[in-house]
Each structure stands twice: as structure tokens, then as C-alpha cells.
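**Q** Letter by letter, the chains look like this.
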Amino acid sequence: MVGLAMAGINRSAAQLLATIVGNKKVGQYHQILISVGDLVAQCKPGNFVAISVGGPNSKMVLRRAFAISRTTTSTQYGGAIELIVAPHGNGSSWLCGLVEGEQIDITLPLGTAFGIPTTNVNALLVGGGYGSAPLFGLAEVLKERGCRVDMLLGASTGSKIYAPLEGKRSVNSLRIFTEDGSMGETGRITSPIAQLVSELQIDVIYSCGPMAMLKAISEILDGGDVVHQCAVEEAMACGIGICMTCVLPVKDEAGKINNLRSCIDGPVMDGAAIEWDLVGKTLVL
Amino acid sequence: MVGLAMAGINRSAAQLLATIVGNKKVGQYHQILISVGDLVAQCKPGNFVAISVGGPNSKMVLRRAFAISRTTTSTQYGGAIELIVAPHGNGSSWLCGLVEGEQIDITLPLGTAFGIPTTNVNALLVGGGYGSAPLFGLAEVLKERGCRVDMLLGASTGSKIYAPLEGKRSVNSLRIFTEDGSMGETGRITSPIAQLVSELQIDVIYSCGPMAMLKAISEILDGGDVVHQCAVEEAMACGIGICMTCVLPVKDEAGKINNLRSCIDGPVMDGAAIEWDLVGKTLVL
Amino acid sequence: MSQLDFSTTLGNAWFPAPIFTASGCASSGKELAQFFDLRDMGAIVTKSIMTKPRAGRATPRMAETPSGMLNSIGLQGPGIDAFLANDLAWLVEQKARIIVSIAGETAEEFASLARRLRGVAGISALEVNISCPNVENRGMVFACHLESAQTVIEGVRRTIGGDLPIIAKLSPDVTDIVSIARGVIDAGADGLALINTVLGMVINPNTMRPHLGGRTGGLSGPAVRPIAVRAIYQVHEALPKVPILGMGGVSSGADAFELILAGASGVSVGTASFGNPTAIMKIQNELRQILTDKGFSSLREAVGFAHRPESSVR
Amino acid sequence: MSQLDFSTTLGNAWFPAPIFTASGCASSGKELAQFFDLRDMGAIVTKSIMTKPRAGRATPRMAETPSGMLNSIGLQGPGIDAFLANDLAWLVEQKARIIVSIAGETAEEFASLARRLRGVAGISALEVNISCPNVENRGMVFACHLESAQTVIEGVRRTIGGDLPIIAKLSPDVTDIVSIARGVIDAGADGLALINTVLGMVINPNTMRPHLGGRTGGLSGPAVRPIAVRAIYQVHEALPKVPILGMGGVSSGADAFELILAGASGVSVGTASFGNPTAIMKIQNELRQILTDKGFSSLREAVGFAHRPESSVR
Ligand SMILES: Cc1cc2nc3c(=O)[nH]c(=O)nc-3n(C[C@H](O)[C@H](O)[C@H](O)COP(=O)(O)OP(=O)(O)OC[C@H]3O[C@@H](n4cnc5c(N)ncnc54)[C@H](O)[C@@H]3O)c2cc1C
Ligand SMILES: Cc1cc2nc3c(=O)[nH]c(=O)nc-3n(C[C@H](O)[C@H](O)[C@H](O)COP(=O)(O)OP(=O)(O)OC[C@H]3O[C@@H](n4cnc5c(N)ncnc54)[C@H](O)[C@@H]3O)c2cc1C
Ligand SMILES: Cc1cc2nc3c(=O)[nH]c(=O)nc-3n(C[C@H](O)[C@H](O)[C@H](O)COP(=O)(O)O)c2cc1C
Ligand SMILES: Cc1cc2nc3c(=O)[nH]c(=O)nc-3n(C[C@H](O)[C@H](O)[C@H](O)COP(=O)(O)O)c2cc1C
Ligand code: FES
Ligand code: FES
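Residue numbers (this note's numbering), protein chains in the order written: chain A, 1 to 285; chain B, 1 to 285; chain C, 1 to 314; chain D, 1 to 314.
Treat the hints with caution; some may be incorrect.
What the hints assert, rightly or not - Each computed DSSO-like pair below joins lysine-lysine, with the alpha-carbon atoms no more than 30 Å apart: (1) A:K168 with A:K25; (2) A:K143 with A:K25; (3) B:K256 with D:K30; (4) A:K281 with C:K294; (5) C:K30 with A:K281; (6) C:K30 with A:K251; (7) B:K256 with D:K294.
As the list claims (entries may be wrong) - Distance windows between CB atoms, simulated: (8) D:R308 with C:L239: 45 to 53 Å; (9) A:K256 with D:P309: 44 to 52 Å; (10) D:R308 with C:A254: 40 to 48 Å.
By construction, these hints were calculated from the structure, which means they are not laboratory data. Cβ coordinates follow ideal geometry from the N, Cα and C atoms, glycine included.
With the rest of the complex left out, here is chain A:
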């Protein structure tokens, strides 16, 4: 039914000097708009970008990866992508401090995209923190295919829920969970999943968020036939498949487990194929 995009290298990837055309604070995040021209056409929900950070005298030698949240086209600046960035450490804080007109060195689109079903299925979208970013764009695509789309968003606290108003329109239902109860229902985003899957006859779950959340969802779905397409987030040094830092243990069709690069065999991966208990363990082939 839902084919997983195992693209290997993303053939559309290009490197360019791109201009910041917007930077707005939304809750604890920054919504950053970057003009990338015609490349928007190649950017699919699930793909990410890799950005050089810190400017010409930077002590930071590695790029930072960010999920592409949405793509837009405007008469003003042409094609643009939107990122939802949490100012966490030095790299992301630098990015959040950029103002309109500044330029960044960016590589995009990278990685696999969410697989889009060819028939109309029932989809549940689950986003943790800024993990909701790519889900709104995905929801639109799924709705166009005639899918029923329900959404769950969660975070530790309300200001870490990223839920654009426009995005809400494209889903059949949206429920929000915060651990401290400061927004929506109190509790973990994973608590209602089992029930929703059966109530709404979910065929596929699309998830994006912290690894612990993705793992918990996979465990809930274990053994069932709901497809789980999750966008993982492993520390990446290169984002283009040349460093082998970003690996995850993934089972292939023959049942053999191998360390796959989450930057080119992911970030969207089949949740059922990831050996969650082996993440962070030494694998013996």
C-alpha cells in the first residue's frame, strides 16, 4: 500500500547561497523563510536542508540539518522554503538571529520524503515539538489524494507546540497534548494512539519528533499492520551520506540488520524496520 521511498542519494540536491526572506518568532520557535528559487519544486514533505552556520569566521565546521516545513511561491521572492527552528545551541541560535536579506549556504533537498499512498487511506500524523513542522505540508498532499487526515501534536509545554492556524484547516481533527497541561490535553502524545488507530481505522501513521516518541509509536504498532513512516533525527555531520555518523540499525527484507545512514536512507524510514532497541548499541554483523 504505502511504499517507502528508499531513494538512497537524493538526486535533486543542490548547494546554493540563499537569502533569508522572513524570520518570525512563534512560541519558542523561529519560523524562517528562505528563498531558494525553482528548487522548491523538488522539496517534498520529509526532506531536509543542511545549513552552514556561524558565518565566515565560525568555529562550527559542520552543517545543521532542518526539516523543510513548507514550501511557498510568491511574486515577491519566488520559491521559498519554511523552517521551524528551535534556538537550542550555537548553530540554531545563530540561524534564529539572522535578519531578512542575509545569505546562508544551504544544501537541499536532502534525504527521503514521506511516502504518499496512491489510494485514499486513513492517515494519522503525529508530531512532537518542532517535529510537527513537516506534517502540515504533508497533510495538504494527503488531503489532495483524498485521504482522511487526523493529527496529534505534543510537547512538554504549550509554547513548544507548533501548530499554525492554516495548517489546522487541512486536517479532519487535531488534538494537542502537553506534559504540563499548559495547552490542550494533559499527558503524552503517545497515550491516545492505540485507541485512535482502531477507532479511526488508521492505515498509516506519519510521525516526526524526538527519537523516544518515534520508538514508543513503533512499539504501540508492533505486530499490527499499520504502516509507520517516521522521520528520524540522528546527529548528522554531513547530511549527504559521506561521513557515516548518522546511522541507525535497520532490518532489511531478509531480516538482516545493518547500520543505514539516516541522511540518505532517511530521515523518513519504516518504523517497523528500525531496530529501536539496538539504537546506540554496537552492532555485530
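Let chain A serve as the given structure and place chains B, C and D with the ligands on it in line with the hints.
**A** Then chains B, C and D with the ligands, alone, in the frame of chain A:
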């Protein structure tokens, strides 16, 4: 006659976050104005500042030294110092890229100042490249003391001559030399010195510029009784006397040569005491 | 002005340009090939290949450090069979120049890898990565001990015969790199690759434990460049005739030029490609420009120039 | 919340706070004293003092490198007589805590320096900088060879008697730092200072020759921090009871915390003071905050914390 200020540690030195209040391109230089409040009162011609460069994510761990060109006070931003910066490498180029309102971490005033004669003497001021920067402020002070002040400025080419119009007023004569003849007279700044010294009955030469120029002046004056106060420029890692990188071989009164720190026993030193031929050589005590 | 001769040699292998990938920093080559034509650089140095498929070390495998990074990949790779069938075959097809890097847990494994590569068409040279642990000697790194380093190189030399240049890749984590360099040359290496990563560690402030799955990792990037320049300079001074493939923190043409002046005949680029997929092309173009601007008529003239007396000007 | 015990010990020397200057990076102390009160930090570690006045190496003596710097000062200093009469006397007068660093060209010079310092009031500990060349053994660095390192420490121990703690300062430029560490402890050192600078070189693109007057120089600053953390971790793992004065690239409280977790009981700050004259106070304040935030009730609890099994939580 002219006492050399051998201050050791500059007791007025302070560290502060200062605001850029002006940045103007003048020829190949940037004239940068920095608000430093009441500290201006402590800044004497010859003193320098040490500035942290590159911002919070900088790979540059050392400060950069710049001569204080002038001090001003305005109702708008209080006390301010002026620097004349050549955008040379990464640190100075970063500084030249700052705009009004940005803040820098700065230590000042540092080092020795030009010794000011207590009687009215005939002074010749010799500046190479941005080395002319501190000479205009010095000229004013000397004029106030009733000195006759003549000035020579030189550089490889005209755009490297820094000669503010207002500054010219405070000198009795100003001659400019460029090696390519693109401004003023063609030739080296050192060529007219011997003649001027006797014609104008010079008592003291104040010089600032490349080490080769300072050395050449010292050689011209060798054996005579013209005092030579030169502001040297050795590579400095700290600017405050703790690293021992900035040393120059200097003869003391007993004739013993020692490596002195040009950041605290300089930058203004007695040109006759510097053992120019031993600069860059290993000294055996 | 006459054309700059940008070519270089490592032993009897000739390369039209002096910039190479660094082993382990270009995967199988396919990934970079979408950003530039692999034939435009000196050669691709493959990741170090071992006999059997290897999963490598546990994650996290990297930590960014000031102007550098630590990695603890642990030589993940497909093993020599799959490598020959897939990766190497593809590279040969691309007409890229290829230096194959090999690694082993025992001296015997190195020799048997060399045996598998003997006579394989399309390989310009063999890089022997002896900066990995010797399982037969308390996990001591081969390149850190003269005898174990020599044993590996002798075995490879004997197996491979006289044609393919052998480049021994040394670790900077030794008291006296010149003696190791001399030792492996005596043992039959034709050239040296300097330097592999420097052993380092980062502690995660949250867990308060070593951040990397492998606890220690290898430091690379601009932070280590002064160490690389020093190692290359020392070795070139002692062994001026031995070709050196230099590496360590090169991210601009000026950086590559520095390693060449110190004594490198070619320069590998690793970490810089992570930060910039087209770094290799940028570095190569900048280097060409610098050599031209400085008035060199060939790259070769610049190799080891820093050792000439100050009086010898260009 | 109870008050944090911020004090530390190195052998039998007690310090109210754990941040120190690094030898050679605070001159005689006077220069920093205009920016903060020397009594507010753990102790001042003096520049390495030798018997006779020394002019040091030729300029240029420094080169900035990515996130670091090279220096080749060559131990310029006034010699022990003037040091005792001026610098030390002044420091004692300030009531600063003082660790005197000594350096020699022969093992005998170290011992005779120790003799001069024996019984001098106001000294908390002796740091023995054995990372300098041994003129009696082909200029080989004492700390790079087990026997020469041991000979120096034995001589100092014998001369100084049993009271003043001896801290042996090691070079990271060795194949096996743990064996050198163990050797100097066996020879009578009470503690270790880790790490001295890493040997490096920069070539000047204009002259195309080594930039430093001394050709090679010592690499310091954040660039080397992962090497320092690794060395401290390795040595603390092998010798958990031996106090370590850690140093190398510390420029924030978080950096100091990292070295402490790895096993340092105190932390010296060198290069960071060049970039920021008040770095030591900043680092000390930040470290105090971090320890408090993490719930430590004493600095001592955090020393070597990275070695505890993951299950042991705070
Ligand atoms: C595929 C992918 C998509 C991502 N999408 C987003 C997004 O949409 N919005 C967003 O705010 N962030 C996203 N991240 C995380 C982002 O790449 C940075 O890791 C994060 O912003 C922290 O970087 P820093 O420079 O601020 O922190 P630093 O602490 O300076 O980072 C140091 C190093 O650790 C790595 N690192 C630190 N934290 C993480 C983490 N959680 N995951 C992976 N690597 C980490 C960094 O990449 C960097 O190399 C994504 C990461 C990946 C791999
Ligand atoms: C006392 C003093 C006064 C100075 N006054 C001025 C001034 O008024 N205007 C001005 O433009 N510059 C001045 N300089 C030079 C200035 O400090 C910088 O060295 C210069 O701007 C180059 O720094 P960079 O970061 O751009 O170059 P980089 O090449 O990045 O510098 C790298 C390192 O080399 C050192 N360095 C490089 N060139 C020199 C040099 N010529 N002299 C000393 N150190 C050098 C730098 O300090 C730095 O540590 C002065 C230097 C000193 C010591
Ligand atoms: C992620 C990574 C993987 C590496 N893998 C190998 C390897 O397999 N074999 C090898 O000889 N060197 C390996 N190295 C070392 C590099 O080839 C190179 O010697 C070192 O990184 C210094 O160069 P750089 O600073 O340009 O990265 C690796 C380095 C990195 C960063
Ligand atoms: C300019 C300079 C001078 C130094 N002089 C000495 C010295 O005299 N004795 C010594 O043991 N270490 C000396 N060192 C090494 C430092 O004490 C310290 O071990 C090293 O710089 C690492 O710390 P840092 O990165 O904080 O600077 C010197 C370092 C620098 C940068
Ligand atoms: S991030 Fe480099 S291989 Fe995935
Ligand atoms: S610059 Fe550090 S002592 Fe002068």
C-alpha cells in the same frame, strides 16, 4: 628633555562592552568610532586598544590591537575613541564590517603614550600608512604646548595615505610621499628626514608605521641627539603583558639588552634603545 | 605566463591534480559525484576497507568541537567482496582515479586484503591505514609502534609485488613520528599519508559521560592543521625523497598550499567536505590560483619549499 | 539548598576554588591583578622559572590558528634569583596562593631549583614542567621519555623533601601518556598537570617558511580541548587516586566542568586569558553555577564523574 613614558602596566586599563557609533570608509581604511564613556579621559596619543573579534562563534581566540587615533566627546554618545583600521585579514575585516549600534568587547587604554615635552621643542611627526592615525591627536597636544610641528606621511599608494583635513590645520607643514607617486611626492617617506632634521632644527621625531620604517628612521638618527619616540607594532597575543609574544630587544641604561614586552613597555619606545638588528634574532643573555 | 603544471606523483602513480578525498570522508564516491565530477580531482581515496562487512561503532559517532570534530565510526563498511563488486566497479566505470585504503585487525588481514587487490584494474595506489587497533597486541594501534607498523607494511609489500605504490597512513599520536615514518619506508612503503586523526574525547554535559558511543574518537578539521603541518614538515625534513600525501584540517587553497610547502606532494580533504560538499573543487581551484600568483610553474616546485633556506627566493 | 563546597586539593595543598592560571599565561601576576583580585581564584601558577635569566626564542613568537594559537616563547624569564626577590615576594605580599613552576635543561637544574624553593614561605605546590628539551639527551623533551621524566621527578622529590606537593606537568605528544603518568608518580610526584601544549607549526604564506622564530610552537586553546579531556580521562582511569590539575582550551565554566568530569581536581586557564583578561573569574563563576545547577554539593563529587557507570545518577 623629552622623557620616555616607561609606564609598565597601564593602570587605567579597563575592559568593557562598547558600542560602535560610527564606521566610515576613508580611502583604503575604515574610520571607526567607538563609545567608551569616561575612559576617553585616560586615552593618550600612543595608547592602543585590544578588541575581541569575530563574535560569539568566532574561531579567532586572540584580540586585535589598534592604535587610538583620536578621542572626542559628543552630547550624543558621550566619550568616544576613533580607530583607523585597514581591512587586512579576518579580524580587521570583521571589525570594518560592523555597523552602528553593534557592540564589541574592548580593553583600553593599553600601553605607553608618546612622551610630551615640557618645553616648546621642534617636533617632526612621521606616519606610514595607518600609522598616521595617532599623530593628528598628538600634533594637537604638541601645538598646545607651543611646539613647532611638521608632519611627513607616506605609503605605497595614495589610497593608503590617511590624512584628515582637520588634522592638517594643526601642523606647520605636511608633506606626503607615495612610492608609486599617486599622491604627493614620489619616493620613500624616509628620504627627506635627514635634511628636515637639520633645516627645521628638529628636537624630537615621533613615528608610527611599519617596523621597517621605524628602523630606517632610527638609523638616520643614529649618533645624533634627536630623540626618537616610535610606536612599534609587534604581533600581540594578549596586549596586557601576560603572554610574552610581543617582545623587542631593548638596551637599558647599563647597556644590557633585554627582550621587553612592546604591549606594556611600548608601543611607544625610545627608537635609540631598540636593537633593530636583533629584532627577530635569538638573544643570548 | 606559461601554463601551471598541476600534476603530481605518489611513488609511480601520476595524478593530474593534487587534491584528493580523505579516506572515510567520501563514502563510496557516489555521494560526492552529484556535486562535481570525480575525474576533476586528483583521486578518490576510498574509505578503509576490511575483509568482512563491519557495522562500526555505536552511535553517537560524532561530536563537533571548536574548529573541528570527533568521530568514532569504527570502520563501518561492506567488506572487500562487496566493495570490489559494487563500489570499486562503479568508480572504475566513472573513470575516476582511485586509491584504495585498507585496514585490518591483524597484519595477516592487511596482507590478505592486498592479495585481493593485486591485479585489480583501475587502482592507482594502496593506502594502508595502520592507525587502527591490533587485536593481537592488546588493541594497540599498529602505527603507534614501530615493529607492528613495519610488520604490516612488510606483509603488504610482499603480497602486492612491486607495482602498486604503497602509502602508509600514520597516526600523529606518537612520541616520534619520524622514526615510525622511517621504519615503514624501510619496510617497503613508497609513500606516507600524514596525518590520521588525533585521539580525543568530549564529555556530554547532560549525561556527564563520554559523548561518543566509542568513548574516544578521532579529532579532525582545522583545529588539527598545525599538528599536520608540523608532522609533514618533520618527516619531509628527515626523508625529503619520500612522497607524502598530506591531510588534516584543509578547507581552503591556502591551507592546502601550507601542507605542500611543508612537504606534501598531494593533499587529502576530509572534514571540510562535510561542511561543504564542493569543498574539494573550491580548494583545488584556489590552490591553482595561489601557485600561479606566487609564480610557480609547477606544483612540484612548491613541494617542501618551506625547507629551503630563506635566501632562496621565488 | 546547602552551600556548594567549591574547594579542592592537590596532594596536601588546599585551595578555596578550583580555577588556576596556567603556567606562562599570567606572567608574574601583576598584569592580571589590575583586572581582578588574585586571591579570588584557586591559585596563580607562575611561569616556568629557570636558574638563569633567559631571553627566550626569536620573534615571531605566536601565530593564531583556528580556535587556537601556537606559541614559541622559549621560557623567557628573569631567573630564580630575581624571581624570588621580585615576582614571588610580590605575590606573597598579595596573599595570593602560589604554585611555582620550574623548568630546567638538565635533571640537575630541576633539582637545584627545587633546593632554592625549599622552605620558601607562601608556596602551595611545585609544578615541574618537564615538557622542555633535555640538553643532555639530544634535546629530547623530558616528558616524552619515561626514564628522563622519572629522573627529573626523583631529583626534585629528593631535594624538596616530603612537604611541598610536586605536580609533574606532562606533554600530550607521547604514544602512551598513562605510562609516563604512572612513571612520574612512582618517581615521587604527588599529582599531575595535564596537558602542556601540542607540538605544531604554521607556515607563513608570504615568506613560505615556518612562521615562528622557533619554527615549531606549542598549540593551545579550544582546538586542543578534546585532546586534554582524553588525556585526563585516560590518566584518571588508570590512576584514580592521583590528583590532576587539568588544562587545555578551557574558556568557559562548561569547559572547566568537562575537564573535572574527566578527572581533574583543578583547572588551569591559559590562552583564554589572552582573549579575555577576566576569563578566569568568568570561568570560575560559571563553573560554580553549573555545579550548583547539577545538584552537586561539592566540587569533589564531580571530579571524575564521567567514569562512573551510567546507572549512577545524580
Ligand atoms: C534530519 C534532521 C532534521 C532536523 N530538523 C530540525 C528542525 O526542523 N528544527 C530544529 O530546530 N532542529 C532540527 N534538527 C536539529 C538541528 O539539526 C540541530 O541539531 C539543532 O538545532 C541543534 O544544533 P545547534 O547548533 O543549535 O546545537 P549544538 O549543541 O551547537 O550542536 C552541536 C552538534 O550536535 C548536533 N546535535 C545537537 N543536537 C542534536 C539533535 N537533537 N539532533 C541531531 N543532532 C544534534 C548538531 O548537529 C551539531 O553538530 C534536525 C536534525 C536532523 C538530523
Ligand atoms: C600596537 C598595535 C597597534 C596597531 N594599530 C593598528 C591600527 O591603528 N590600524 C590597523 O589597521 N591595524 C593596527 N594594528 C594591526 C592589527 O592589530 C592587526 O594585526 C591587523 O589588523 C591584522 O589583523 P587581522 O585579524 O585582520 O589579520 P589576521 O591575518 O587574521 O591576523 C592574524 C594574527 O596575526 C597578527 N598580525 C597580523 N598582522 C599583524 C601586524 N601587521 N602587526 C601585528 N600583528 C599582526 C594579528 O594580531 C593576529 O593575531 C596594530 C597592531 C599593534 C600591535
Ligand atoms: C568521519 C571520518 C571517518 C574517517 N575514516 C577514516 C578511514 O576509514 N580510514 C582512514 O585512514 N582515515 C579515516 N579518517 C581520517 C581522515 O582520512 C583524515 O586523515 C583526517 O580526518 C584528517 O583530515 P581532515 O581534517 O581533512 O578531516 C576519517 C575521518 C573522519 C572525520
Ligand atoms: C604563551 C604561552 C606560554 C606558555 N608557557 C608555559 C610555561 O612557561 N610553562 C608551562 O608549563 N607551560 C606553559 N604553557 C602551556 C600552558 O600552561 C598550558 O598548559 C597550555 O597552554 C594549555 O592550556 P590553554 O589551552 O588554556 O592555554 C604556555 C602556553 C602559552 C600559550
Ligand atoms: S550525516 Fe554523514 S552520512 Fe549521514
Ligand atoms: S602581547 Fe602579551 S605580553 Fe605583550
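**Q** Taking each numbered hint in turn, which are not upheld by the structure, reported in ascending numerical order?
**A** 4, 7 and 9
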